[in-house]
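A.B. asks: Letter by letter, the chains look like this.
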Amino acid sequence: MLDINNLQASVEGKSILKGLDLHVKAGEVHAIMGPNGSGKSTLAQVLAGRDAFEVTGGSVTWDEHDLLAMPIEERARAGLFLAFQYPVEIPGVSNAYFLKAAVNAVRKHRGLPEFDAMDFLTRVKAEMKAVGMKEEFLYRAVNEGFSGGEKKRNEVLQMALLEPRLAILDETDSGLDIDALKVVADGVNRLRSPERALIVITHYQRLLDYIVPDQVHVLSHGRIVRSGGRELALELEEKGYGWIGDSGEVHSAPEPAGGAQ
Amino acid sequence: MKTATATAPANRPITNFLDQEYSAGFETLLEADTLPKGLSEDVIRVISAKKKEPEFLLEWRLEAYRHWLTMTPPKWAAVSFPEIDFQDIVYYSAPKKKDGPKSLDEVDPELLKTFDKLGVPLHERARLAGVAVDAVFDSVSVATTFQKELGEHGIIFCSFSEAVQKHPELVRKYLGTVVPQGDNFYAALNSAVFSDGSFVFVPKGVKCPMELSTYFRINARDTGQFERTLIIAEEGASVSYLEGCTAPMRDENQLHAAVVELIALDDAKIKYSTVQNWYPGDKDGKGGIYNFVTKRGDCRGARSHISWTQVETGSAITWKYPSVILRGDDSVGDFHSVALSNHRQQADTGTKMIHMGRNTRSTILSKGISAGHGSNTFRGLVRVSPKAEGARNYTQCDSLLIGDQCAAHTFPTIEARNPTAHVEHEATTSRIGEDQLFYAMQRGLTAEDAVSMIVNGFCREVFKELPMEFAVEAQKLLGVSLEGSIG
Ligand SMILES: Nc1ncnc2c1ncn2[C@@H]1O[C@H](COP(=O)(O)OP(=O)(O)O)[C@@H](O)[C@H]1O
Ligand SMILES: [Mg+2]
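Chains as they are written, first to last, in UniProt numbering: chain A, 1 to 261; chain B, 1 to 487.
In case anyone wonders, no lab produced these hints; they're calculated from the structure.
Hints are supplied without guarantee of correctness; some may be wrong.
[Claimed, not checked] Partner residues aside, some chain A positions facing chain B, computed with beta carbon under 10 Å:
{"no.": "1", "residue": "Asp51"}
{"no.": "2", "residue": "Val88"}
{"no.": "3", "residue": "Ala130"}
[Claimed, not checked] With a cut-off of at most 30 Å between alpha-carbon atoms, the simulated DSSO-like pairs for lysine-lysine come out as follows:
{"no.": "4", "chain 1": "B", "residue 1": "Lys173", "chain 2": "B", "residue 2": "Lys204"}
{"no.": "5", "chain 1": "B", "residue 1": "Lys352", "chain 2": "B", "residue 2": "Lys387"}
{"no.": "6", "chain 1": "B", "residue 1": "Lys464", "chain 2": "A", "residue 2": "Lys125"}
{"no.": "7", "chain 1": "B", "residue 1": "Lys52", "chain 2": "B", "residue 2": "Lys173"}
{"no.": "8", "chain 1": "A", "residue 1": "Lys125", "chain 2": "A", "residue 2": "Lys182"}
{"no.": "9", "chain 1": "B", "residue 1": "Lys204", "chain 2": "A", "residue 2": "Lys134"}
For glycine and all other residues, C-beta sits at the position ideal for the given N, C-alpha and C.
Only chain A is shown next, with the shape it has when bound in the complex (with noise of 0.2 Å):
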C-alpha cells in the first residue's frame, strides 16, 4: 500500500534524508529503529506532509496516489495518522472540541454521517477508557499541562478514534512506564487488521515485545541501512547502534542475523 522510492528531503537547506527506500504492504507493521538525528521524525513529517520539510527527490505512493501531491488534512482524511513525537499544545480549544472536529472531518470525507454530541461521547468515552484516560481530559485544553505520559495516550486515543489506513507512531513509547507502554501497545494491536498498516518508530526494542512487527529497519544517515525480522531489534538492542558507521553504511561485523530482505 505504501511505496517509497528513492526519498530525499532536506529542512534549512540540510539533506536529511538521502535516498529512502521502503515498501509497506496492507495488514503488515513496520517498526523503524535508529540512532538518535538519523531521520526518523523527518520521515515521519514528510509522509504526513509538514512544509518545514522539503522533498528534494524520490517519490512516495500510497494506495496509487501520488502521496506528496496531496495537501495535509487530504492526506489525514484519507487515512494517514501521525502519532507525535511531540504533540502539540493547543490552548484555548477543548480536547473535545478538537477530536469531534477532527473525527467528523474523516467520517464526512469517507461518506460516514457525522456524530453528533451525543454519539460522540459515547464513543470517546469508550475509548478513553481503553488508554487509561480520565473523561476530565475532554475537557482541558489539548495536550495544554498534560504529562509526556499523558499527550501519548492521547496520541493514542485520537489513533483509535480515527481509525487510520496507514498509522506512523513515532517514539511514541519514549519515556513511557511500562502500564503506558502497553496502552501504546494494546492500541496499536487492536489497530491491525488486513486492510491497516503501521509504521512503529522507536528507539527501544522493548516495545517490541508487545507489537510484534512483520518487519524491521535501521535508519542511519537519511537511509534505511539494515532490514531484517524481529530479530535484528534484539540484536540492536544487544549491540546498540554502534556499528552501524558514521557514513551510514554497515561495517562488516556483525553478521546479519536473520538475513537482510
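Let chain A serve as the given structure and place chain B with the ligands on it in line with the hints.
C.D. replies: What follows is chain B with the ligands alone, placed relative to chain A:
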C-alpha cells in the same frame, strides 16, 4: 509594560490564510446633500441650521470648536499615520430626500438594499429578530424601527437629531456631562461637528423589552463620520444596546470620530455592545477607516452597572478606550474586548475604570489578536480614588499572535490611592504557530478550521457577553476577517 512579538519561522498556511477580502466594501450610489470640504464656524452654523437646532446647541458646538482650535492631536498612542488635514474632510453628507421619509417605504430603495446587503435587520426582518434598529448612513439617521412599541414603555429610541427636536430638555440636561466638549482632541472635534447618532432614554423602573441596535455606515467619499450617542437609564432602568459598523472599500483613509456617553442612575444597568467592522484597508495598508472614538459611561447612581463589550475587527487604526466612572457606591463596571488586527491594521484600545464610590467593582477582560503585520496595544488604567473604600478590580489581558510579523503590547496602569483597594492583574501571550496548524491539519482539519477553532476558543469569554444573535455574527466576522485562500 509587556510586549510580545511572535518569532516563529515564516510559513505558508498562515500567510495565505491571512489574505482575506472585506465583504462589506461595496459603495452605494445615492444622491447626497453634501457640504464642501473644510471646517470653520460657518460650517458649524450651516450644520446646526440644516438640523434646525435650538440656539443652546449651536452655542455648545461653537464652544467646542473654539476649544478644539487650541488643541493638538494626541501622540501617545502606539499607532502611526500621516497627519490628518482636517480641512480636507467633508463634515456633512446626507442622502438627499424631499421631505424626509415618513416610513420605511419612503426610504431610498438603494439605501435599504445596502442595509440588506449588510444584513441589517431593518424592515420585517427586524420584527422577526426582535431588534429595534436605528441606522445611521453617513451623517444622518435613516430609519428607526420599533419606535411605537418602545414608546408604549416610555422608552425613547431615536436619532440624535430627532431627540434634539422632540426632547431638547433631555439633550440639554445630559449632553456633555460624561464627555465634556474639551475632553480630548477628537471629542472636541466631534462636539463641534457631530451630525447625528442615536439617543436612548429609558425611564425609571423600565426594563427595555428588546435589544436596541444602531448600524453605522460611512458611504460618501472624503466624509468624516462624527456620531454622537447618548444613552440614559434612569433609576432601576435597564437596557442592552448594540452598534455595528461598516464602510465601503476606498483607497483613501476616512475619519470616524464618535462620542458615546452612557449615564446610569441608581440601580440602572446599561449594556453596550459593539461589533465594529469598518473597512480595515487592504493588505498593504492602503485605505481604511481611522476610528478615533471616545466612549465613556458614568455610573452616576448607587448600585448602577455599566458594561462595555466590543469586538473590533475593522478600521485601519482603532483608538478607543471605553471607560467607566464608578461614581455611585457599589456600582459595577465591565469591559470585555476582542480586538483583531490583521495585515497593517493598528489597534490601540483598552479602558479606564475610575473608582470613586465605595465598594465599587470593575472587571477588565481584554483579548487581543494580532495577525499579519498587525499591531495590537492594550492600555488599561485602574484608578482608585482616596474615597473609594473597598474598591476591587480584576484585569485579565490575553494576547494571541498569528504568524511571525505581528506584535502585541500591553500597558496596564494602576493608581490606587486607597489602601483598601484590591487590584489584580493577569496577562498571557500565546501564539498560533505552524506546529499547531500542522497538528490540527494532520487530524483532518483545514487551516481555516484550525485557526477559527483556536481564535474562537480564545475569544469565548468575551463572546458569551454579547447578545446571542450578535455572538454568532461576531464569530463569523472574526472568521471572515482572518480567512483567505489556502494555496
Ligand atoms: N526543523 C528543523 N530544523 C533544522 N534541523 C532539523 C529540523 N528537524 C530536524 N532537523 C535535523 O534533522 C536531523 C534528523 O532529525 P530527526 O528526523 O528528528 O531525527 P530522529 O527522529 O531520527 O531523531 C537532525 O540532525 C536534526 O537536527
Ligand atoms: Mg525523532
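A.B. asks: Which earlier hints can't be squared with this structure?
C.D. replies: 3, 9
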